[in-house]
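*Asks:* Taking the hints as your guide, dock the two standalone chains into a single complex.
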Amino acid sequence: MTERTIVVVSAGLGRPSSTRMLADRLAGATVTELAARGITATVETVELRDVAHEIVNTMLTGFATGALAEVMEKVTRADGLVAVTPIFTTTYSGLFKSFVDVIDKDALVGMPVLLGATGGTARHSLALEYSVRPLLTYLRADVATTSVFAATADWAGETDTVNPLPNRIGRAGRELAEMVAARENAGPADLYGDVPSFDQMFRNL
Amino acid sequence: MQFGIFTVSDVTTDPRTGRTPDDTERVRSILTIAEHADQAGLDVFATGEHHNPPFVASSPTTMLGYLAARTKNIVLSTATTLITTNDPVKIAEDYAMLQVISGGRMDLMMGRGNTGPVYPWFGKDIRQGINLAIENYALLRRLWEEEVVDWQGKFRTPLQGFTATPRPLDGVAPFVWHGSIRSPEIAEQAAYYGDGFFHNNIFWPMSHTKRMVQYYRERFEHYGHGRADQAIVGLGGQFFARKSSQQAKAEFRPYFDNAPVYGHGPSMEDFTAETPLTVGSPQEVIDRYAAMKDAVGHYQRQLFLIDHAGLPLKTVLEQIDILAEDIVPALRKENEATRPADVPSGPPTHAERVVKARQAGATAGGHVAGDDRWTGKTAEDDTEAADRAGAAFGL
Numbered sequence: 001m002t003e004r005t006i007v008v009v010s011a012g013l014g015r016p017s018s019t020r021m022l023a024d025r026l027a028g029a030t031v032t033e034l035a036a037r038g039i040t041a042t043v044e045t046v047e048l049r050d051v052a053h054e055i056v057n058t059m060l061t062g063f064a065t066g067a068l069a070e071v072m073e074k075v076t077r078a079d080g081l082v083a084v085t086p087i088f089t090t091t092y093s094g095l096f097k098s099f100v101d102v103i104d105k106d107a108l109v110g111m112p113v114l115l116g117a118t119g120g121t122a123r124h125s126l127a128l129e130y131s132v133r134p135l136l137t138y139l140r141a142d143v144a145t146t147s148v149f150a151a152t153a154d155w156a157g158e159t160d161t162v163n164p165l166p167n168r169i170g171r172a173g174r175e176l177a178e179m180v181a182a183r184e185n186a187g188p189a190d191l192y193g194d195v196p197s198f199d200q201m202f203r204n205l
Numbered sequence: 001m002q003f004g005i006f007t008v009s010d011v012t013t014d015p016r017t018g019r020t021p022d023d024t025e026r027v028r029s030i031l032t033i034a035e036h037a038d039q040a041g042l043d044v045f046a047t048g049e050h051h052n053p054p055f056v057a058s059s060p061t062t063m064l065g066y067l068a069a070r071t072k073n074i075v076l077s078t079a080t081t082l083i084t085t086n087d088p089v090k091i092a093e094d095y096a097m098l099q100v101i102s103g104g105r106m107d108l109m110m111g112r113g114n115t116g117p118v119y120p121w122f123g124k125d126i127r128q129g130i131n132l133a134i135e136n137y138a139l140l141r142r143l144w145e146e147e148v149v150d151w152q153g154k155f156r157t158p159l160q161g162f163t164a165t166p167r168p169l170d171g172v173a174p175f176v177w178h179g180s181i182r183s184p185e186i187a188e189q190a191a192y193y194g195d196g197f198f199h200n201n202i203f204w205p206m207s208h209t210k211r212m213v214q215y216y217r218e219r220f221e222h223y224g225h226g227r228a229d230q231a232i233v234g235l236g237g238q239f240f241a242r243k244s245s246q247q248a249k250a251e252f253r254p255y256f257d258n259a260p261v262y263g264h265g266p267s268m269e270d271f272t273a274e275t276p277l278t279v280g281s282p283q284e285v286i287d288r289y290a291a292m293k294d295a296v297g298h299y300q301r302q303l304f305l306i307d308h309a310g311l312p313l314k315t316v317l318e319q320i321d322i323l324a325e326d327i328v329p330a331l332r333k334e335n336e337a338t339r340p341a342d343v344p345s346g347p348p349t350h351a352e353r354v355v356k357a358r359q360a361g362a363t364a365g366g367h368v369a370g371d372d373r374w375t376g377k378t379a380e381d382d383t384e385a386a387d388r389a390g391a392a393f394g395l
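For the record, the sequence lines run as chains A and B. One point on numbering: in UniProt numbering, the residue at position 121 of the first sequence is 121, and numbering is uninterrupted. One point on numbering: in UniProt numbering, the residue at position 289 of the second sequence is 289, and numbering is uninterrupted.
Calculated directly from the structure, the hints in this document are not laboratory data. Glycine included, C-beta positions come from ideal geometry on N, C-alpha and C. Treat each hint with caution, since some may be false.
Stated by the list, open to error - Facing chain B, a subset of chain A residues (Cβ under 10 Å, in silico):
1. 61
2. 165
3. 191
4. 192
5. 195
6. 197
Said to hold, decoys possible - Which chain A residues face chain B? A few, computed with CB under 8 Å, are given here:
7. 57
8. 60
9. 63
10. 201
Unchecked claim - Calculated cross-link-like contacts (lysine-lysine; reagent style BS3-like; alpha-carbon spacing at most 25 Å):
11. 72/B to 333/B
12. 105/A to 210/B
13. 72/B to 124/B
14. 74/A to 210/B
15. 249/B to 314/B
16. 72/B to 314/B
So here's chain B without its partners, still in its complex pose (with noise of 0.2 Å):
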């Protein structure tokens, strides 16, 4: 089982200080806690995309290129790319660029994921959310997976004898989660085409996160690709731990009282019991996300919202380590103990990946020859390139 953190890049006055970090310190800030995280020996390290303060993590795979060449080990993902508002086009290429640096350390986290008025800022409609992730996604798939695509959709201008660069790292596509929290057309999405759902978990009660990932795991099975019980499915999380509980308290109250989301809302006592955010000691904190197996069912990825609030840098390094030593080998052993052999420990990797697609019959789709006719073109002379664009893909 993978055990991360995943960052929304919040630019948050810290309550105890009056602090607030620029955009330049909280976005270093985010880099070290990846290295960091990193270090401790986490399996995932994941950020979110938004486009509009206080967050700062608008641009994720310049973000993680940086941290491919400065880890080592730990997955580098995002919580959620914006499949709604990205050209499909340019996601395909951003992430194979990535996969391709990272040696194949990396997936990524489809999501909708915005609020109304940041569609419009990318020319799309709020309203035409869910279609957006569908057509999107199909494309985004097709441009990994075939090496020229003649195409034509409802949200973009159509593709002709287009091939997506670099091609995707030993011509296997990157493994993609779908995120989504109330639409069960998300997870509908996910269980088509055999790829991990996500459940940010973090607001809502269980009995919601249950149902929703069961009908994942109910249609994963549907389409062919698995038992149910061997979909694969990631969990959102939060925590706040010291050795005591009245520490941790102590200490996480005002952060809680002030945070942006739920802030002058709800007591911290009453969120704690309705939802997974667990603020306690390292057992306490086992002890909750040990028993998400008996609402979910075994699950393989479980990522951590610990760095938001306006917590302070070193605090948040302090968290990773607790988590790093004393609360994910316990919950490692708990999982694996009781995990049937047949069901999945993690999502696949990319080598696991590689062999299957060998497997199946799948060559390597390392490069696609082809002339360049386009760079340096007037206007007129590109009726008589697009005349020979055929040719030159071999149509």
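For reference, chain A alone in the conformation it holds in the complex (with noise of 0.2 Å):
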């Protein structure tokens, strides 16, 4: 049988947090709907605020330790990745973008992404597509054609009568898993793997 490891990010500051709860329901989506094709998925949950401290640290110092380098790890072999931020004055949190921030630039390239965000109300909603979207363009990551917004009152199944949050929550987790079953992360790529000869080097000049 085929396995593939889903890491979920969730940027939610509060305990509960809806950010981590709609976290956990695209990872559920997408884990039902791998199962459908036959694949088992292992899902690792992160949640940014257990790290917080750790990511400031990484700003200050240039190197992440402890349970962030873990984290970092298990980001950069993913199969794919849920990335859920909180909405704050327009955009992502700042803990989320911190995040990003501090991890190796290469370490999403190719790696599909399915994106999720909270906000108070559903004029929000756009923020996942003209600030969290381009973000993860600009990482070259593979990001899901459909992202999952969660106002408040999605939760009470009050705002969105037409496509209600489980409706769009089950679309994503099928797109992402369509994504995840295609490719396999074959690890990141060895620092010492490539490294150019002192021949190759002086003939580069």
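*Replies:* Put into structure tokens, the structure is as follows:
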């Protein structure tokens, strides 16, 4: 049986957090869809809140340590990523961006990513498209066409009666599952694997 | 094994007193620290090279030339010499001069070691950092090893019939280390030449340093300079020691908490757990650094950063005494006890390099004959001088 690893990164700050709730739902939908394709998926969930201090430390010292180093390793090796952030002041939360800033710039190249966000009202829903998606695109991630925004009212089923939250989650999970099924992460490139020889460096001056 | 200290020459406010030394005081402190290290019996003093405040060590050979006259035994080195922004012709001459003045009691460490803004001050581009390191060093080697050099490259004006003076002491170039924290290309360069490789370790988890050193060792063997475990490796380190662990932690904490590089970031406990910084009793420092060889193999040089973060001179001198009296003898014993006989104890000395060069058939090139056809000439005369230059150098 084929296996895949889905890493879920939630930038929610509260406990319990609606961001984490959405993250879990998106991951659940993806796992279900993968199972339907004969793929067993392992889900590893990271709450950035738990490594918030390490993220700031990394910015100040230039190297990641402890739990954050493990998180980075997990993300880099994932077959698919579910990334969910609360929308603060028109865009992703500072914690979410700080995490993105300290992970290796090549860590997400080609990575299937499903985006989610939470916010007070549906009026913020496009923040996913104009700010979060370009960020991931810049990192050359493979971002699922559907992204899911959940406003407070969505949890009560009140916002979108045409296409309620569970439907949107299901569709997004299906898209990520398709992408993850099609691509297995070969793991990070070996930093020492393609160091040019001295002759090459000299020739290429 | 060599044990020594290296300074980055930061001018930092002492957080306990609120006092900041001025540049003159700091330069004089560094000289005192180096002389004290010599008297205490340490093996190496090394200075960084920085061209921006808050650092003061912009001119290593001036400083090391003075120290060559003031000290007796200690090896004088750089940590690092900027091979990217310095003209290799000037490096060749400056360090040959230092070699002659110090009687061979010197070496130097090459590094790129600059932040972006520094490059343009010297007409260089940081995006060419690795290429500058490769080309400039290749030229530097030739200027030391060959008496008359014709050269053309990408980053500086061509040389025709050029001889760097003075010639290296006994016709043998200084021993060179290459320092790099995260560029395997530099480890590759060091291995290619059979030079030493220095990893300044101090801000990194051991797993990172270990992998880099391992890569250098593999490539050293690949290029036929010896077995991987015989490659010449140096590490950076830092500690603060007092008789008791509690005393050391209490005294050092305000310096740690406010240090320019890691202050206001991770806690001292987190930082010491993740990096080689050790704050504690001499025995704790010994235990930590005796274990380094388990990760990187037997290595030849250990340098400690001890004079940073605003620590007062008196404290730094006390740290040197603790290092020389309590830490180094134990570490030396520990390392020597387990070192295989055919793995070098230290990097090659000047005397050893001279013997080796003579065995290889090299004769000393103490001076190159030549007439000065340039000084005092007018621009018009230069054409004539250039025409004759080939003859003057026997080409």
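*Asks:* Identify every previously stated hint that the structure contradicts and give their numbers, smallest first.
*Replies:* Hints 2, 13 not satisfied by this model.
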